[in-house]
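Residue strings, one per chain:
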Amino acid sequence: MSLISLKDVQFSYGDTPILHGVSLALEQGESLGILGESGSGKSTILRLMLGLTRPDTGVVEADGSVLDTRSRARMQAHRRFVQPVFQDPYTSLDPRMKVRRILTEPHAALDLPGDAEAEAARVLEAGGLPADSLDRYPRAFSGGQRQRIAIARALIARPRVLLADEPVSALDLATKVRVIELLTELSRELTLVLVSHDIAIVAALCPRMIVLQQGRVVEAGKTAAILRAPQHPYTQRLLASLQHMPMESP
Amino acid sequence: MSLLEVNNLRVHGPARELVHGISFSVEPGERLGLVGESGSGKSLTAMSTVGLLAHGLRAEGSVLLGGHQVIGQSDRALVPLRGPVAAVVFQDPRSALDPLMRLGDQLAHPIRRRAKREGRSMSGPQLRAEQLRWLDRVSIADPERILTSWPHEVSGGQRQRIAIAMALACGPRLLIADEPTTALDVTTQAEVLDLLDTLARDEGLALLFISHDLPVVARITDRVIVMQHGRAVEEGPVRQVFTRPRDTYTQGLVAAAQQLEAAVRGMQ
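Chains as they are written, first to last, in my numbering: chain A, 1 to 250; chain B, 251 to 518.
Chain B on its own, in the form it takes in the complex (with noise of 0.2 Å):
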């Protein structure tokens, strides 16, 4: 059985409509990129397959998480599927964080739900062992200090890593990243693509990659579905899509990703 499983799925805003009925599956452990410019709709796919859509937006169709159907379903329904079957890392560090409260306090929310979920108790001195056993699993130095930071006190790449973490605590199968690199520097990006490759290969989580940013989906991903004004126009490894675009839009972008690495290509 797919661990996603989408099937015409459409996204209605107040006006009109969105998402023009796409359908894909991601199987365990494989990692399917989402592409496209602003506007085409991969982000409003991807949150709709965790039941994230924002006020005033309706999904319809079938989105299957782990069996589960998420349209149509209540929010509380869906508590049992977010977390342990899929979580999510956000563009935006910062408001992925809460701005109030220490670091270590919000990286211990999913590492205790994790517990209660699966019948352990967790003592004290466990959490802290936990708290910092996610903090160096993605790379963070010195995490005693970072347990009692808050977020305005780190870096927007240590941010990122923590809100990496935190998704990870909750034990998913699924990983879904939107833009979770848009926002960081360039050495910065390359750490944290680094970091979800080996942390997606050592847990065998599967990823659902959403990015306008071509090579940075080539760097992630094995399979990619471009999607334009809502609608999904080529799929299919990400290397062939890349190097032998069969779709108009698809040649367009992949031409002026290409035109760009080649002024740098061209310099060296």
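Only chain A is shown next, with the shape it has when bound in the complex (with noise of 0.2 Å):
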């Protein structure tokens, strides 16, 4: 049983249509990069999943059954599922709020089980952050520490699914290459479902992928096959613009 599906889903925003029939499923322990430029549709996925919006036509499946989002009841559960982090970390954190609240809140929000400190305490650890973090403002941090104070925020719920809308896009590339890592690391616990614009994210952190073009998938299937040999004449074009850094000349 997949963790996340949707099956032919239509959607559109007023007139404009912007998703054409998509239909994907996530699999448990399968982390899936949905790859797209601006404009493809990507991020109204992301919001689907998440419940925040509903398809026009179609379902999004969830946890086995339907996702109703007018019913309060499956959307607290929904939120206990399945968790997001977003691209801008200088806008995800509350910048009144001490990291503590910032990570005590979703606890008493989401009716969870357990003390909340002691939570704080795991998902700090597991986000790579010092202890001393909690009593500190987001303005102390990087954008690199910003971005795993939010990741250590969706971990509370003990989520199933984690979705990633461009977790890295914003951040430096040594800072990059760390939160990589350690998506990487917290992605064999929970499956990851991530959104972006570049390839090389996708490649080193998704075993499955999609190709999201103009609201529709061209080309689904394992990361590798796909790298190897793309079948869409998109996605050849999609991996034939990547710079590549200079190889040493023998």
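Since the hints were made in silico from the structure, they are not lab data. Possibly wrong hints are sitting among the right ones.
[What the hints assert, rightly or not] Only part of the chain A face toward chain B is listed, based on derived beta-carbon distances under 8 Å:
id, residue
1, ALA200
2, LEU227
3, GLN243
Quick reminder that beta carbons are idealized off the backbone N, C-alpha and C, glycines included.
Assembly of the complex is requested from the two constituent chains, each provided in isolation within its own frame, with the hints serving as guidance.
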């Protein structure tokens, strides 16, 4: 059974069609990369998976049943099932809250079991942050550390699925690589859905991927197979557009 | 004589010094990359060379652009240098274009200024021909429609092409490009890099290319300066620096870039 699936989903903003019959399935332990450029509809897919919006037609299923976004109880359960991490670590944390409150608030809001303080300490460590981070404000942290805090916050609910929307795009190169390592580590315990325009990030983190172009899935399958032999002209063009590091001359 | 000669350039912020004495030169037709992470001072350095620092920032040292001193000059004194000697393409083509002016009118400005500078008169039909010629140079499809369009009506890639056309229409000998492809999609980025490459070659332009993206810099420049915390930590031919870095900081950057590259290559 899939963790989350979209079945023939159509979605429009007003008269502007965004998704044209998108189907995809996220399997336990098989992190999925959604690769697409701006306007491809990738963020809309994340919003649908989070239950922040409803498809015009088609269904979103999560944890074995149709996701009814109108049911409070269902959405409460869904928020424990899937948690998001957003692109911009500067706007995704409340600047007025100390890290302690940022990490304990979801515990109460989602009515989670266990001790909130102990859980905060657990996710802080899982995010690779020092224990004394709790009594500081977000402004005291660099972009990479803030993204670690955002990831730690997502882990409070012990979600089965982590939805990450361009989680490292705003980070500097060295920081980016370290946050990718953290996400790799975490993807052993939970299943990752990674939305990105960056093939390298998808390749580093996701054994499966789909390629999205203007609201349509044009290619789907094992990441290694797609990168080795892209079938769709658009995927071929994406790969051909990659810039490369120079190789050591022999 | 170098086209651009920077000597012991320092940039002071309100509270502290941000660039701590950097020196380099760009020869006619040469392509130099300034690489570094955010806060390394690469953009401040580049903007200092054309006197475009934000308010509250002050440059010190010497910048000779086309043989003229830039540091300490009034804006009025810099006007003859901006355009004919150096033109700039910025990261965000949205903020580089006036949202309240049709694209054709924006492109007409540098074309008219150059004609005036060179003592040529420019009639309506001549101006239109020049506008269309520049749009063609930057590979804009459907140029007639673009001339009467507003900036918000065209894509990010098209906006950046038009910003490049406006910069080149000034007839500069040096093009300063500050992260010109960072805001663009991968496929568009590749197209704009190809375009810059071709244009620079055809026009014999020198390039000062600022980017945090090592593969992009490797694609477009010949020589590179790596900056960290307002200092140049390494300088050399781009291939040499990116394959055999000597400085520890550069080694870290190169290793990170290669790690990402390996993720893709390892699967191919």
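Each hint tested on the structure:
| no. | hint | in the structure |
| --- | --- | --- |
| 1 | ALA200 | holds (4 Å) |
| 2 | LEU227 | holds (4 Å) |
| 3 | GLN243 | holds (4 Å) |
Checked against the numbered hints above, the structure breaks none of them.
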